[in-house]
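Asker: Residue-level listing of the chains:
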Amino acid sequence: MRITYRDKQYETKPNITARDAIKKLGLDPESVLVVVNGKLTTDDVVLREGDEVKLVAVVSGG
Amino acid sequence: MRHHKLALCAEHYGEWFVAQTERAIEKYRMFSRDERVLVAVSGGKDSLALWDALLRLGYHADGLYIALGINDPIPYSDASLEKTRKFVDSGEWRVAKDDAPLAPRPTLYIVDIPAAYGKTIPEIARAKMRGQGRPCAACGLTKRYVMNRLALEKGYTVLATGHNLDDEIAVLFQNTLRWQTGYLARQAPVLPASREGLVKKVKPFCRFYERETATYALARSIDYIYDECPHAGGNLTNFYKTLLNQLETESPGSKLSFYLEFLRARGEGAFEQFNRVEELHACELCGQPTSAPERCAFCRMWNVSRIVE
Ligand code: SF4
Ligand SMILES: [Zn+2]
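Note that the protein sequences, when read in sequence, are chains S and B. Sequential numbering from 36 applies to the first sequence in the numbering used here. Sequential numbering from 2 applies to the second sequence in the numbering used here.
Rather than coming from a laboratory, the hints here were simulated on the basis of the structure. Small disclaimer: the values here were computed from a predicted structure and weren't measured. There may be inaccurate statements among the hints.
Stated by the list, open to error - Calculated lysine-lysine pairs in the DSS-like style (CA-CA distance at most 27 angstroms, straight line):
(1) S:K43 x B:K84
(2) B:K120 x S:K89
(3) S:K43 x S:K58
(4) B:K84 x S:K74
(5) S:K74 x B:K87
(6) S:K89 x B:K87
(7) B:K129 x B:K87
What the hints assert, rightly or not - One side of the interface only, derived from the structure: several residues of chain B facing chain S at Cβ under 8 angstroms:
(8) R212
(9) A215
(10) E229
Ideal Cβ positions, reconstructed from N, Cα and C, are used throughout, including at glycine.
Chain S on its own, in the form it takes in the complex (with noise of 0.2 angstroms):
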């Protein structure tokens, strides 16, 4: 399963939470917010084989 997080791809293993897959990417759950499929979600969605997932970090701007 795929994930997007700023222009890079990173593949992890389905059926766990987003939450999850965010600290395994050394990610703070805090610091970025989930899309899955084009529609913004709650970190606790369960991810899917096929999901197409989105990590939109929060800080920006300057």
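Based on the hints, put chain B with the ligands in the right spot on chain S.
Answerer: Coordinates of chain B with the ligands only, in the frame set by chain S:
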């Protein structure tokens, strides 16, 4: 738990967010509906979300974009101006809250620093600091000056910035670590126009988590600049934000209580004795208030560069 607000659909999240914005404006007596508000917009999520929310609430809110000329190694300034223009042209902000009148098209003021003063921010910083360090000091000084001056010249009584809770507590944390009591005394959701020549400054998003303003921007499909300024990487503010996010993850609610408890202590006068009133007078060149004896820091910085040239 606040984050469960995310479970709301985009439309209801937007309504909740806009209502919370209004509550903050009223609670801290930021401004009234008769006042003209100038929003400092950067093309980022917070400032565009703020402009959007104020227009939806029916406030008279115009925007000020300051072109800094930061286009290396990525075209950050050009891209963020483009996003800002797109926001105005898109008319997204027209979708007003039920009880507020539809907003007329807002005005966007653009102050182009390289065109007006002959150098980009990185160039003036290099000239001024001999290539040492980040351009952020020069940038911050320039932005503060231009915002205040334009607001006064165009007759705005209020300057609103998109600072969110994470921005505020990163600064609070830094000032606490160093016990910068003077700064602590002056950190607040509202900085009144304490004297002639200074406009009132307000932060209507100061109680929103950064993820909440980002969520609003996404929910409203606001096309904002996602890249950070190339000079922001590795700065202390971001480091403190990371630390405070770790704390929040371990102990949810910590960030908000850190800020609100600070405001409570401040409101009870904990820092009052450090709030010294500086003697200000008009800069002999531009007339803006300054504590310096002759010319203000802005005029000095931009003039020095002309001599160096
Ligand atoms: S990171 Fe520094 S240079 Fe970039 S916009 Fe912010 S203050 Fe200016
Ligand atoms: Zn001056």
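Asker: Next pair to validate is B:K84 with S:K74; report whether the Cα-Cα distance is within 27 angstroms.
Answerer: holds (22 angstroms)
Asker: Given the hinted pair B:K120 and S:K89, is their alpha-carbon gap at most 27 angstroms?
Answerer: Violated - the C-alpha atoms of S:K89 and B:K120 are around 39 angstroms apart, more than 27 angstroms.
Asker: Does B:A215 pass the interface hint, meaning its C-beta sits closer than 8 angstroms to a C-beta of chain S?
Answerer: holds (4 angstroms)
Asker: Within 27 angstroms, alpha carbon to alpha carbon, are S:K74 and B:K87?
Answerer: holds (23 angstroms)
Asker: Was the hint right that B:R212 lines chain S, CB cutoff 8 angstroms?
Answerer: holds (4 angstroms)
Asker: CA of S:K89 to CA of B:K87, is that 27 angstroms or under?
Answerer: holds (24 angstroms)
Asker: Within a Cα-Cα threshold of 27 angstroms, do B:K129 and B:K87 meet the stated pairing?
Answerer: violated (34 angstroms)
Asker: Does the nearest C-beta of chain S fall within a distance shorter than 8 angstroms of the C-beta of B:E229?
Answerer: holds (6 angstroms)
Asker: Is the hinted pair S:K43 and B:K84 satisfied, with a Cα-Cα distance of at most 27 angstroms?
Answerer: holds (23 angstroms)
Asker: Given the hinted pair S:K43 and S:K58, is their alpha-carbon gap at most 27 angstroms?
Answerer: Distance ~16 angstroms between S:K43 and S:K58 Cα, so the pair holds.
In this structure, the hints that do not hold are numbers 2, 7, in rising order.
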